[in-house]
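Chemist: Its first residue numbered 572, the sequence shown is counted upward by one per residue in the numbering used here.
The set of hints was computed from the structure by calculation and includes no laboratory data.
Values in this document were obtained by computation on a predicted structure and should not be read as measured data.
It cannot be assumed that every hint is accurate.
Said to hold, decoys possible - Calculated pairs, SDA-like style, for lysine to any residue (alpha carbon to alpha carbon, straight line, at most 20 Å):
1. Lys731 x Ile694
2. Lys731 x Leu685
3. Lys731 x Pro698
4. Lys731 x Leu808
5. Lys731 x Val788
6. Lys731 x Ala809
7. Lys731 x Phe777
8. Lys731 x Leu715
Claimed, not checked - Derived DEER-like restraints, expressed as beta-carbon distance ranges:
9. Val683 x Gly628: 16 to 22 Å
10. Trp833 x Arg676: 42 to 48 Å
11. Val683 x Arg760: 15 to 21 Å
12. Arg760 x Gly606: 32 to 38 Å
13. Ile665 x Leu808: 20 to 26 Å
14. Ser640 x Glu735: 16 to 22 Å
15. Pro669 x Leu818: 36 to 42 Å
16. Pro680 x Val710: 34 to 40 Å
17. Trp833 x Glu746: 36 to 42 Å
18. Phe661 x Gly628: 40 to 46 Å
19. Leu690 x Gly584: 48 to 54 Å
20. Leu690 x Phe661: 19 to 25 Å
Each residue gets a CB set at the ideal place from its N, CA and C atoms; glycine is no exception.
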Amino acid sequence: MTGPGSLADKVRGRDADLRRWRDLGSALALLLVMGWILGRMGFFDPGRLAGGLANFGRFAAELFPPDLSVLPVVLTSLAETVEMAFAGTFLGFILSFPLGVLGTRTLFPRPVVLAVRLLVAIIRTVPSLLWAVVMVIVVGLGPLAGTLALAIYTVGYLAKLYAEILEGVDPEVLEAVRGLGARRHHIVRFVLWPETANAILSQLLFMLEYNIRSSTVLGLVGAGGIGFYMQVYISTLAYGRLATVLLAVLAVVLIMDGLSAWVRRRYLLEG
């Protein structure tokens with residue numbers, strides 16, 4: 572006679588088998604879908620891939636040696652690119668933190684939160700390069716358009732993250748502070764900011780790193796920075812000069828990544 576324990580074990584074993592088969596079926600379905608997508612793109616076309624590798628080899632060979640005669644112009648334009656990234660990140664942070672507070676469910680009523688989050692979602696769906704096109708139309712060519720584009724995208728990205736970070740603070744702590752008569756701005760200043768400052772500043776550093784990378788291509792649409800020269804050198808097949816641009820951009824990105832990591836270790840993690 573089968574006991575209750577053995578029957579339960581059989582049921583659990585059957586459920587485990589069903590889960591395994593379900594997971595296997597899902598994985599196979601995903602592989603089939605991805606194979607179909609890659610096939611439509613020509614990923615499995617040996618001739619196309621071989622031709623692409625040959626073209627890449629010729630392109631890479633023409634990059635060297637880099638043409639250092641354009642280095643002064645490249646460095647000046649690269650400095651403008653970094654300035655755009657810093658200014659855009661700063662402006663975006665100034666706007667995104669208040670929006671993040673307004674989008675915090677533990678602080679504001681549902682209609683306010685939904686309106687703010689909808690606005691932020693709309694901003695975030697438009698990539699920074701497209702915002703740069705819009706800003707070029709609005710304010711004209713130059714670094715101002717790029718700075719505003721980065722600031723707008725920063726608002727869409729950071730405001731969402733800040734709302735989620737602020738909501739992570741224990742609601743019971745907020746209720747206790749409210750019980751003492753604290754208003755919203757008191758709660759933000761004396762409770763939420765001290766609890767979340769490290770996470771907020773860490774995301775700000777990540778956003779700065781992202782904006783430095785993004786700002787290098789905004790010049791492709793006339794929004795200032797090194798991207799203008801990238802476009803010129805590509806269109807004129809001046810690959811040696813393009814190599815100088817790419818190496819300079821790589822150096823700046825690596826330096827900023829190192830500085831960001833140092834700031835995190837020195838000031839955020841220790842705090």
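Chemist: Looking only at beta-carbon atoms, does the pair tryptophan 833, arginine 676 fall within the given range of 42 to 48 Å?
Modeler: For arginine 676 against tryptophan 833, whose Cβ atoms are near 35 Å apart, the range 42 to 48 Å is violated.
Chemist: Mind checking the hinted window 34 to 40 Å against the Cβ distance between proline 680 and valine 710?
Modeler: 36 Å, holds
Chemist: Is the gap between the beta carbons of leucine 690 and phenylalanine 661 within 19 to 25 Å?
Modeler: Hint holds: Cβ distance 21 Å, inside 19 to 25 Å.
Chemist: Lying within 16 to 22 Å: is that true of the beta-carbon distance valine 683 to glycine 628?
Modeler: The hint (16 to 22 Å, Cβ to Cβ) is violated, given that valine 683 and glycine 628 are roughly 57 Å apart.
Chemist: Assess, step by step, whether the Cα of lysine 731 is no farther than 20 Å from the Cα of phenylalanine 777, and give holds or violated.
Modeler: Holds - the C-alpha atoms of phenylalanine 777 and lysine 731 are around 14 Å apart, at most 20 Å.
Chemist: Could you grab the alpha-carbon distance between lysine 731 and proline 698 and see if it respects the 20 Å cut-off?
Modeler: 15 Å, holds
Chemist: Please test the hint of 20 to 26 Å on the beta carbon pair from isoleucine 665 and leucine 808.
Modeler: 43 Å, violated
Chemist: Does the Cβ pair leucine 690, glycine 584 satisfy 48 to 54 Å?
Modeler: With Cβ atoms ~51 Å apart, the hint holds.
Chemist: Using the beta carbons of valine 683 and arginine 760, state whether their distance is inside 15 to 21 Å or not.
Modeler: 19 Å, holds
Chemist: Starting from lysine 731, check that the Cα of leucine 715 is at most 20 Å away, please.
Modeler: 25 Å, violated
Chemist: Could you grab the alpha-carbon distance between lysine 731 and leucine 685 and see if it respects the 20 Å cut-off?
Modeler: Distance ~12 Å between lysine 731 and leucine 685 Cα, so the pair holds.
Chemist: For the range 40 to 46 Å, tell me whether the beta carbons of phenylalanine 661 and glycine 628 fit it or not.
Modeler: 42 Å, holds
Checked against the numbered hints given earlier, the structure breaks hints 4, 5, 6, 8, 9, 10, 12, 13, 14 and satisfies all the rest.
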